[in-house]
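Chemist: Sequence:
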Amino acid sequence: LIQQDFMDTFHNLTLKLLLQFGWVNSYCPSAKFIMSADDDIFIHTPNLVSYLKSLAMDVQDFWIGRVHRGSPPVRKESKYYVPYDMYPWAAYPDYTAGAAYVFSRDVAAKVYEASQTLNTSLYIDDVFMGICANEMGIVPQYHVYFSGEGKAPYHPCVYNKMITSHGHLDDLGYIWRQATDPKVKSLTSGFWGGLYCKLVNVMLLCRIGYADSYPCSAAW
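For the sequence shown, this note's numbering assigns the number 255 to the last residue and increments by one with no breaks.
Hints are not guaranteed to be accurate.
[Unchecked claim] The calculated label-pair distances, taken between Cβ atoms and stated as ranges, are:
hint : residue 1 : residue 2 : range
1    : Phe45     : Ser106    : 17 to 27 angstroms
2    : Pro81     : Ala125    : 35 to 45 angstroms
3    : Pro123    : Phe226    : 51 to 61 angstroms
Because the hints were derived from the structure by calculation, they are not lab data.
All residues carry an ideal CB built from backbone N, CA and C; glycine is no exception.
Could you build all of it, start to finish, from the sequences and the hints given here?
Modeler: Written as structure tokens, this is what we have:
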């Protein structure tokens, strides 16, 4: 458990981000990847590790998660309100949702470097990271199984591919046991398992009115 000398409040999220990145740069020189996640995020660690192992050994400028593209600043009363004098442009650079994302070690160093020359008063940390990354020419990559808002459907066919799911303060232990049960692989493997899961995922992720944890495209 790492503690830093600051008040852990919403308006200090950018400061918290920079303290995290500063610590990584100082004490984690051998780390290949770093993940940031909120306390209500379920992370399917085996699926995540398997995915990261599939990447090139020398991967650089890697930043992946649920990407927001061309999002406009909130100009009405809200905790996400950003005044024009803080950010005068019509849209933010692309960024990943702050709930959960993964980046390569070099990205931490580059974002921290960029932050030293930018205005850190913008307290929406995921947006600020997007601004820093954009300054360094780093583009976030979208992964369909990094969840948006809401919990992922509770089904083995979803567990088989999921990376993160949002909103699990009360049931992290339960979903871990369900998602890592060996029966998941046996149910979803092979031709018939793949066909079954494709049909199930279409019904779960593409139905009208579905709360968007994963996009319909994740079913394919």
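Chemist: Taking the numbered hints from earlier one at a time, note which ones the structure violates and give those numbers from smallest to largest.
Modeler: none
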